Amino acid sequence: MNDSVIQVENLVKYYDGRCVLDGIDLAVPRGCIYGLLGRNGAGKTTIIRILLGLEPATRGRTLLLDADSASLPAKTRSRIGCVAEGHNLIQNYKVGRLITLCKDLSLQWSDDSFNHLIQTFRLPTDRRVRDLSMGMRAQLNLSLAMAIDPELLILDDPTLGLDTVARRQFLELAIEVIQKQGRTILFCSHILSDVERIADRIGILAAGKLVVDCPLEQLKDRVKKMRVIFPEAAPANLYLTEIVNQQTQGREMVITVANWNKQKQTILETFMPSSCTEIPMSLEDIFIECTRPSTEPLQVA
Amino acid sequence: MQIRIDNASGRPVYQQIIDQIKRDIALGRLVKDEKLATVRQLAGQLAINPNTIAKAYRQLEQEGIIVTRPGAGAFIANLDSSLSQAVKERVISEELERIVVEAFHMQIDGRTLLEWFNNAVERFNLPPVASGGQAKEGQSDE
Amino acid sequence: MLALIKREIQDHIVYFIGAIVASALLVVVLVEEVFNYDSRNPAVGTTSLGVVLSGIVALGICGMGAAQMYMDKTRRISAFISTLAVSRSRILLARIVAGIVVILILLVPLAVTASILVRIFTPPIPLYSDMIFEIFTATFLLALGGYSIGLQTGWNSSAVTPTLGGLGLTCIFVPLVVVKGFGPEIMVILALFIGASLLRTWHKFSSTSL
Numbered sequence: 001m002n003d004s005v006i007q008v009e010n011l012v013k014y015y016d017g018r019c020v021l022d023g024i025d026l027a028v029p030r031g032c033i034y035g036l037l038g039r040n041g042a043g044k045t046t047i048i049r050i051l052l053g054l055e056p057a058t059r060g061r062t063l064l065l066d067a068d069s070a071s072l073p074a075k076t077r078s079r080i081g082c083v084a085e086g087h088n089l090i091q092n093y094k095v096g097r098l099i100t101l102c103k104d105l106s107l108q109w110s111d112d113s114f115n116h117l118i119q120t121f122r123l124p125t126d127r128r129v130r131d132l133s134m135g136m137r138a139q140l141n142l143s144l145a146m147a148i149d150p151e152l153l154i155l156d157d158p159t160l161g162l163d164t165v166a167r168r169q170f171l172e173l174a175i176e177v178i179q180k181q182g183r184t185i186l187f188c189s190h191i192l193s194d195v196e197r198i199a200d201r202i203g204i205l206a207a208g209k210l211v212v213d214c215p216l217e218q219l220k221d222r223v224k225k226m227r228v229i230f231p232e233a234a235p236a237n238l239y240l241t242e243i244v245n246q247q248t249q250g251r252e253m254v255i256t257v258a259n260w261n262k263q264k265q266t267i268l269e270t271f272m273p274s275s276c277t278e279i280p281m282s283l284e285d286i287f288i289e290c291t292r293p294s295t296e297p298l299q300v301a
Numbered sequence: 001m002q003i004r005i006d007n008a009s010g011r012p013v014y015q016q017i018i019d020q021i022k023r024d025i026a027l028g029r030l031v032k033d034e035k036l037a038t039v040r041q042l043a044g045q046l047a048i049n050p051n052t053i054a055k056a057y058r059q060l061e062q063e064g065i066i067v068t069r070p071g072a073g074a075f076i077a078n079l080d081s082s083l084s085q086a087v088k089e090r091v092i093s094e095e096l097e098r099i100v101v102e103a104f105h106m107q108i109d110g111r112t113l114l115e116w117f118n119n120a121v122e123r124f125n126l127p128p129v130a131s132g133g134q135a136k137e138g139q140s141d142e
Numbered sequence: 001m002l003a004l005i006k007r008e009i010q011d012h013i014v015y016f017i018g019a020i021v022a023s024a025l026l027v028v029v030l031v032e033e034v035f036n037y038d039s040r041n042p043a044v045g046t047t048s049l050g051v052v053l054s055g056i057v058a059l060g061i062c063g064m065g066a067a068q069m070y071m072d073k074t075r076r077i078s079a080f081i082s083t084l085a086v087s088r089s090r091i092l093l094a095r096i097v098a099g100i101v102v103i104l105i106l107l108v109p110l111a112v113t114a115s116i117l118v119r120i121f122t123p124p125i126p127l128y129s130d131m132i133f134e135i136f137t138a139t140f141l142l143a144l145g146g147y148s149i150g151l152q153t154g155w156n157s158s159a160v161t162p163t164l165g166g167l168g169l170t171c172i173f174v175p176l177v178v179v180k181g182f183g184p185e186i187m188v189i190l191a192l193f194i195g196a197s198l199l200r201t202w203h204k205f206s207s208t209s210l
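Protein chains in written order, with our numbering: chain A, 1 to 301; chain B, 1 to 142; chain C, 1 to 210.
Computed list of lysine-lysine pairs in DSS-like fashion (alpha-carbon distance at most 30 angstroms, straight line):
hint : chain 1 : residue 1 : chain 2 : residue 2
1    : A       : 220       : A       : 180
2    : A       : 220       : B       : 22
3    : C       : 6         : A       : 103
4    : A       : 225       : B       : 22
5    : A       : 209       : A       : 264
6    : C       : 6         : A       : 94
7    : A       : 103       : A       : 180
Hint data in this document are derived by calculation from the structure and do not stem from the laboratory.
Owing to the predicted nature of the structure, the values given are computational and were not obtained by experimental measurement.
Based on the provided sequences and hints, a complete structural model is requested.
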């Protein structure tokens, strides 16, 4: 049974003749926290804008809660909460007026949870949105998104501008949401330790393609970094495919390989290394390796 | 139940949880039949995906360190009887191998390693090993 | 829906107040003109009044349409609102409704005043009572035409271009009115023009990137 809350099918996007997204396929299952990663300009915001129907796709289609992004009905939109890039909101409105507008336009609104969030974040309601700091706008944006008790949360860099405490509050909020039945979160962030904490699945966008799209644990299993020590000088060529990085120093070689499997293990063993230890990689390490511009296209799936 | 997650360490989060629970048990901070925090509680407390916590609990249960009773939650198991000797040997041997390899890479000799080993053993109230290599069976803490 | 209309009115309150003021002024002018009427050729007097009225209204309304779209684009208002539980069509509809309300604020008091005056002065002023209705309808359509030009061009440029467009509209349609009178032919032409223009605006607004 297909219970994908977000579906992206062969999404292609060109901006001024430049290809930003080159055939993206993605399915986010219900109940999942999906962390979308990528360097600046990789296209994360573009994907989110297309998902929300703010931007038309050049080719391919995207579906949110089984509805096409280009024509999301109001009822579907009421089940989706979003925090858009830069937390723009409407700059010259007073915060109070913006809140009233969102409340009036929503199909379900919880005053209790909204006020609770406003108080937790200590947000002023009498200032204009443009007079708030970036962090406060982020918190306001998040509160507005959460107040409608959404089934699906789409967050574009939700912790931008948040201080350490506020970031932790956001993480706790995300966990609170996901513990409820049937909720899904898609978010992108540059703070990989945060993503590592709360994400179930990871997607890494590089060169217009989704080079990684798998559960976090699987990712760590599949990209392996090893310290291999050979009895004599380390061989120059290990005849392994999908080598992300290789550094040799005398007898010792530190090698990072994607999609590690028994076959590669066997190949490595034919060189009869004296020892082979795995070096645990953090998500940050994996991310840096996967987004390194390289001649050989890398895919971990 | 105080668990700290170190983001900088390369060790997977679920592994850190497992390590700390085992450590707490060994140090006597968690005793037999004591109730662990629920997955939900711990997830909210640490701001970590509940699936990660569930995975840690599952593995602990597989190793026989905790038992989950439906409807009641997770409890520290009766450690004397649940693990078979073979499983115990496997788990400990793997850990020992990891330590020895690390020591090798840091160029630490066997004697120093044994000395440090004895210190750790003493701290946790296990009877120390004689440096001649006479192995004594470890006894569970009280 | 009401919330959206309320938002439009609040954001463009200037035009609403302006319309009320202009309407009041025009009513006063109309009443004064009628009371100071002496037996000159009546047809020319009312026609010229109608022409000038149409001109001013078209320009002002044009500006409002442009201002609504321009403010949306620069302040990224629909970019935010479209992520809430509303469709783009509803946002546009609320915008047009607000524009129509302004037009009505301008025209309805005038039409009402004119009808009352006709009722009082019927024998000396040989106005056909349904001539007022014709003038009202044609003026309304003319205003709506100017408004739709404003809407169409406001998204991409400043308020200047659509105002020139409104001027162009006035220059084309007013001579037509003078030649043909406020007849049904004018209304049909205007209605078709408005229909096409609004359709194009709706299509563009629905598919543009916000």
